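Let the sequences and hints guide you as you build the complete structure.
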Amino acid sequence: MLRGLFALPLAASLLAFSPAAYAQEKLDSTRLISIGGDITEIIYALGEEKRLIARDTTSLFPDQALKLPDVGYMRALSPEGILAMNPTAIVAVEGSGPPEALTVLRSASVPFETVPNAYTRDGILAKIDKVGALLGVEPKAAELRQKVATDLDAAMTSAAKRPEGERKRVLFILSMQGGKIMASGTGTAADGIIKLVGSINAVGTFPGYKPLTDEAIIEAKPDVILMMNRGDGAGTKNEDLMKQPALALTPAVQNKAIIRMDGLYLLGFGPRTAGAVRELTQAIYGG
1 MLRGLFALPL
11 AASLLAFSPA
21 AYAQEKLDST
31 RLISIGGDIT
41 EIIYALGEEK
51 RLIARDTTSL
61 FPDQALKLPD
71 VGYMRALSPE
81 GILAMNPTAI
91 VAVEGSGPPE
101 ALTVLRSASV
111 PFETVPNAYT
121 RDGILAKIDK
131 VGALLGVEPK
141 AAELRQKVAT
151 DLDAAMTSAA
161 KRPEGERKRV
171 LFILSMQGGK
181 IMASGTGTAA
191 DGIIKLVGSI
201 NAVGTFPGYK
211 PLTDEAIIEA
221 KPDVILMMNR
231 GDGAGTKNED
241 LMKQPALALT
251 PAVQNKAIIR
261 MDGLYLLGFG
271 PRTAGAVREL
281 TQAIYGG
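Mind the numbering: the sequence shown is residues 1 to 287 in my numbering, read in order.
It is worth saying that the hints were derived from the structure and are not from the lab.
So the derived label-pair ranges between C-beta atoms look like this: (1) Ser107 - Gly179: 39 to 47 Å; (2) Leu249 - Ala283: 19 to 27 Å; (3) Lys210 - Lys237: 18 to 26 Å.
These numbers were taken from a predicted model, which means no experiment stands behind them.
Glycine is no exception: its CB is placed at the ideal position from the N, C-alpha and C atoms.
Dropping the structure here:
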């Protein structure tokens with residue numbers, strides 16, 4: 001009998017400190033650090049930017065975000081620099097790192113939350129839901145979600161109607177160093193945006209980013225080359241692409257069908273993605 005009486009308080013204590021109970025506690029986001037350009041954009045779109053005390057290097061939009069302290073590139077984070085900001089919470093997009101840095105951050109006394117990232121329409125909406133829940137502004141998130149969903153659906157209408165035979169083959173080039181083309185396969189943001197505009201990834205037979213052989217470039221037969229537009233002038237120029245022997249044999253280079261767009265806008269998969277879909281669709285198909 002005594003054992004049962006002692007067990008009751010113990011069980012209650014265990015329940016109070018269970019993961020489920022902890023998850024229900026509201027996140028203290030009064031001093032928030034955002035890791036990931038898409039997460040930062042969502043926070044601003046929700047009108048909750050007053051919570052932010054710092055952001056990562058990829059958080060370049062809106063312009064106001066550039067006034068915040070920069071804690072480094074999302075895939076090369078320094079735990080010391082982040083914790084020195086004395087945040088009450090850290091919200092990071094999935095894929096941030098490196099793993100050892102995340103281990104240190106998660107072991108600190110500051111809540112560290114990861115937002116799943118999927119390069120699809122529904123993935124964008126799920127991010128909005130998650131950020132809204134973490135910040136405790138679900139009604140605002142629901143309103144933003146509806147607005148973004150409607151905008152995306154409208155932007156993707158022409159893509160859904162495009163006949164298979166009219167879908168162009170797009171080669172996304174991440175970089176060209178030493179004459180080697182680093183291109184996007186499947187499971188990337190580039191692959192996701194190509195699909196949203198109703199086009200075909202010209203090298204969608206491998207996952208992630210890989211260097212292409214000359215033979216693979218020629219066999220890919222891209223109708224369009226898509227790249228990020230680097231404002232610092234350090235990126236590969238169109239003339240360099242046209243001089244690459246294998247690319248010179250492709251329909252894309254022969255027709256000078258080379259498209260460049262802002263990287264975060266094109267690949268961010270955040271609130272502005274519908275606009276990126278419209279602009280890319282126009283650039284590829286015209287009309």
